Amino acid sequence: MSSFILLASSLTMVFAVSTAGRGEWEKMRLWLATTAGLGALFVGGQVYEFTTFYREGLGYTTNVASSAFFTLTGFHGVHVTIGIIMLLTTIGLSLSGRIKRSNAEAVEIVGLYWHFVDVVWILIFTVVYLIP
Amino acid sequence: MSSITHEQAAGAAPHSDEHAHSDRQYWIVGGVLAALTAVEVSTYWWPHSLHRITAVALIVMMVVKFSMVALYFMHLKHDSKLLRRMFVAGIALALALFIATLSAMVFWEDSGTNEVDDTPRHRPMPPKPTDPPVPIKIIEHHG
Numbered sequence: 001m002s003s004f005i006l007l008a009s010s011l012t013m014v015f016a017v018s019t020a021g022r023g024e025w026e027k028m029r030l031w032l033a034t035t036a037g038l039g040a041l042f043v044g045g046q047v048y049e050f051t052t053f054y055r056e057g058l059g060y061t062t063n064v065a066s067s068a069f070f071t072l073t074g075f076h077g078v079h080v081t082i083g084i085i086m087l088l089t090t091i092g093l094s095l096s097g098r099i100k101r102s103n104a105e106a107v108e109i110v111g112l113y114w115h116f117v118d119v120v121w122i123l124i125f126t127v128v129y130l131i132p
Numbered sequence: 133m134s135s136i137t138h139e140q141a142a143g144a145a146p147h148s149d150e151h152a153h154s155d156r157q158y159w160i161v162g163g164v165l166a167a168l169t170a171v172e173v174s175t176y177w178w179p180h181s182l183h184r185i186t187a188v189a190l191i192v193m194m195v196v197k198f199s200m201v202a203l204y205f206m207h208l209k210h211d212s213k214l215l216r217r218m219f220v221a222g223i224a225l226a227l228a229l230f231i232a233t234l235s236a237m238v239f240w241e242d243s244g245t246n247e248v249d250d251t252p253r254h255r256p257m258p259p260k261p262t263d264p265p266v267p268i269k270i271i272e273h274h275g
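Chains W and L are the protein sequences, given in the same order.
1 is the number of the first residue of the first sequence in the numbering used here; add one for each residue after it.
133 is the number of the first residue of the second sequence in the numbering used here; add one for each residue after it.
Every clue listed holds true.
Below, computed lysine-lysine pairings styled on BS3-like, alpha-carbon distance capped at 30 Å: (1) W:K100 x W:K27; (2) L:K213 x W:K100; (3) W:K27 x L:K209; (4) W:K100 x L:K209.
Everything labelled a hint here was simulated from the structure, so no lab data went into it.
This one's a predicted model, so the numbers in the text were calculated from it and none came from an experiment.
The shape of chain L in the complex, shown without the other chains:
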């Protein structure tokens, strides 16, 4: 995550060609990000019948945009393996938490629908407090 090198920090003049190259790369990345955002916004007008494809396309574009900002703007591409792994570990943890939370909200059962089913599930209910307790059958072992 360090675009300012130690040589630069020490005062050595870097090559202007390198800077021209990296600046051009930043403009290209910025252009791609803007184009992807325009496509993302355009999905608002895509037919509703394609909502599953739209959702997948949006997630793919989101991942591409995220990666481009992290790799080029945050300079993760030219960073040490350790920092890259730390960044990926953070994302993995956040993703796991996100999936676990969605699962808790019955994500898997209602996947693909626009409405969340809030009706109570058919679970075995505990006996009413007024009901007499069920007698415990004691099994005696002989021998």
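Isolated chain W (complex conformation):
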């Protein structure tokens, strides 16, 4: 489910960049807010997963696999959280009128960061969760 959420957030992010390129600031803010919301949902799911594992006895130092799992997914979660802060900051800057056509590439830079977080999750999801 987390993968679908993060992929959907990448899609909403490209629409945010697309609308920023057209100067449709209202729509851009809506897409950015949707992206941030999906990111928050992803981080919430991760917190729930970590809590469940911990209650079932799988801690950070239980074994090598658990250490690798918590480090990889935990660092990714931190990156997503930083991305959410960047998205919310961009919305704030736009509301205060500080994002214009002349500096609309700022939205694209935030978008690149967000997509990079997504491609890293594509790797983690396969390597950590799926490969038998």
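Please build the complex by placing chain L on the supplied structure of chain W, with the hints as guidance.
For chain L alone, kept in the frame of chain W given last:
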């Protein structure tokens, strides 16, 4: 990596047909990514006897998904060669590091098994500290 062109940044109104086209393309890419993710998740129920094929299929799908996000969402497809090469160089470096690390964890010996063999390897051991030192034989050269 720039979908916002200089003309757009300067305030020129782009063609709405172009935007409709790119937006449609984004929806298609998003749909393909969702479908691939669904297939990936379905591998959880594939027979265990197919675990090697499953692993290969998962890696192929991972590479396709990665490439699609990089090419279309990150606009690498329409970018300059230099940026594309920089991106590929980063991936190559990460991949080399990943393979080197797995090799260090005896990846090649245990490939295809679910358990990692943690038994000590049969390596020649150094002599015990209590053993007398081995006398060094000096070879004398005559002539």
